[in-house]
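Asks: Take the sequences, apply the hints, and build the full model.
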Amino acid sequence: MLTASFRVIVGDSVHESLHRIGHASAYRWPRLCVVFQKVHLISEKGYKETIGRESIMKGRDRVIRDEIHRDILVPASHAAIIDTPEFQRLRAIQQLSTCEYVFPAATHNRFAHSLGAYHLAGRLATHLNEVHPGLLSVEDEELVQLAALLHDIGHPPYSHLLETPRVYATYRSHEAWGRDILESKETAIGKAVREVLGEQRLGRLFALMDGQDEHDGKAIPRFLKEIVSSQLDVDRMDYMIRDQANTGAQIGGFDSARVIRALRVGEDGRMYVKRWGLPAIEAYLVTRYHMYQQVYFHKVNMLTQAYLVNMLERARELAKSGRLTVSMELEHMLLNEALSPDQYVLLNDAHIKVALPGWAAHEDAQLSGYANRLLSRKDFHKSLRIDHLTVEMCEVVMPRIREHLVQEGYDADLDVIQATIRKRGYLPYNGGILLEDGRDASEHSALIRSLAQPHEQCLIFVPEAIRDELERSVREWIKPSQSSLSQFD
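Using the numbering used here, the letters of the sequence shown correspond one by one to residues 374 to 862.
No lab work stands behind these hints, which were simulated from the structure alone. Incorrect hints may appear among the rest.
[Stated by the list, open to error] Listed next, the in silico DSBU-like pairs over lysine-lysine satisfying Cα-Cα at most 35 Å (straight line):
1) K796 - K852
2) K647 - K693
3) K726 - K796
Fair warning: this is a prediction, and the values are worked out from it, not measured in the lab.
Replies: In structure tokens:
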């Protein structure tokens with residue numbers, strides 16, 4: 374029987390789990406990884422450093438049920454981070470911004486995705502330690518999981534979409550905001566992470582998230598950084614599986630478990646894929662290609678994204694001139710040129726959605742036009758059905774399209790929308806995916822080579838009533854005899 378003193382040392386949750394080992398049913402066995410991680414930490418670091426912090430003594434380890442990964446095991450110390458207002462805010466930030474206008478079930482959020490990336494980071498770290506015993510210290514296993522958990526903490530409302538100076542008076546990347554939020558001694562999550570890691574390990578966490586090679590004289594292995602950020606990282610693996618599930622996109626998919634099982638670490642510190650894992654990597658990259666083609670770059674998704682950004686840009690102009698009153702949160706977004714982390718984390722998707730009905734009734738035609746379309750999904754503009762319309766072509770034809778719209782009685786500012794699709798494709802060699810012979814995956818697979826081509830396309834949206842006429846005109850304008858764009862005809 375476990376003694377009372379042992380129970381005091383390791384905590385109630387560990388004591389209870391060890392006590393039940395002999396009677397555990399199959400579904401309880403995954404919990405043991407949390408138990409033995411704590412026991413190992415105690416043996417290496419001692420009671421005070423490992424268990425002595427108040428946050429670890431409080432609460433219980435947690436099992437979170439996830440639609441993709443099923444059970445996600447979370448020790449009490451990490452649950453304390455997840456339970457902060459700043460992390461819980463991610464529940465109110467949709468993963469795919471306006472994609473729900475095309476795929477109604479695509480309302481999943483950054484909260485679930487962050488937990489999924491955290492889970493995959495733990496699985497991958499555990500796997501690498503199994504095939505390379507002693508490769509990761511317990512401390513670095515924890516750091517790589519927390520780096521995955523916290524990688525999206527700085528996202529603005531509607532995810533990447535509103536990460537633009539057109540909307541934010543204080544513009545910074547989501548990575549920069551995330552760093553400020555975590556570094557702050559005023560945010561609850563900043564305090565929680567410090568309590569779990571301490572200042573020195575917090576610095577190593579930031580160095581890992583920033584992709585640095587070392588911190589405080591101690592190297593950060595390249596494979597650790599690749600788990601968090603690479604062309605085969607846990608962020609991409611989770612969001613592709615999750616986005617496919619929630620959009621219903623029928624594109625084959627890939628097996629994340631097999632991808633993870635195929636990964637190893639070479640003598641140079643980089644991850645590589647066993648030769649038998651190549652088909653799983655092909656499936657992963659093909660899935661990524663089709664998700665961009667069919668989901669992320671869907672023409673209606675691109676259109677509604679443009680509506681939302683244009684609407685907020687117009688709201689900013691009106692608010693600046695005193696013609697529009699906005700909430701405190703939106704005032705922070707649109708007008709505050711010295712936005713603090715405390716103010717930034719007050720913002721989420723709901724503040725914009727709540728404003729839509731009022732803006733739809735506003736006297737300004739641009740603001741109300743965009744808001745009404747987003748509210749009703751009526752009167753959407755239609756894309757010109759011209760294949761291979763490039764950005765260079767758009768620069769030539771857009772002035773003429775605007776002129777034509779004005780002649781027909783349309784508003785040249787409101788009734789033409791331009792959106793640009795840019796996709797880099799798979800990037801071999803420069804941070805590409807390696808096989809065990811040290812060569813890039815593209816050298817082993819014609820399929821992967823075909824996915825390395827960058828893709829750029831311009832979309833032009835106009836009122837449906839004039840689309841056919843404009844399509845005929847644009848085709849004439851880009852004919853070889855009338856422009857220098859003959860190579861594109």
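Asks: Look at each hint and say if it fits the structure.
Replies: Hint check:
1. K796 - K852: Holds. K796 to K852 sits at ~26 Å (cutoff 35 Å).
2. K647 - K693: 58 Å, violated
3. K726 - K796: 29 Å, holds
Checked against the numbered hints listed earlier, the structure breaks hint 2 alone; every other hint is satisfied.
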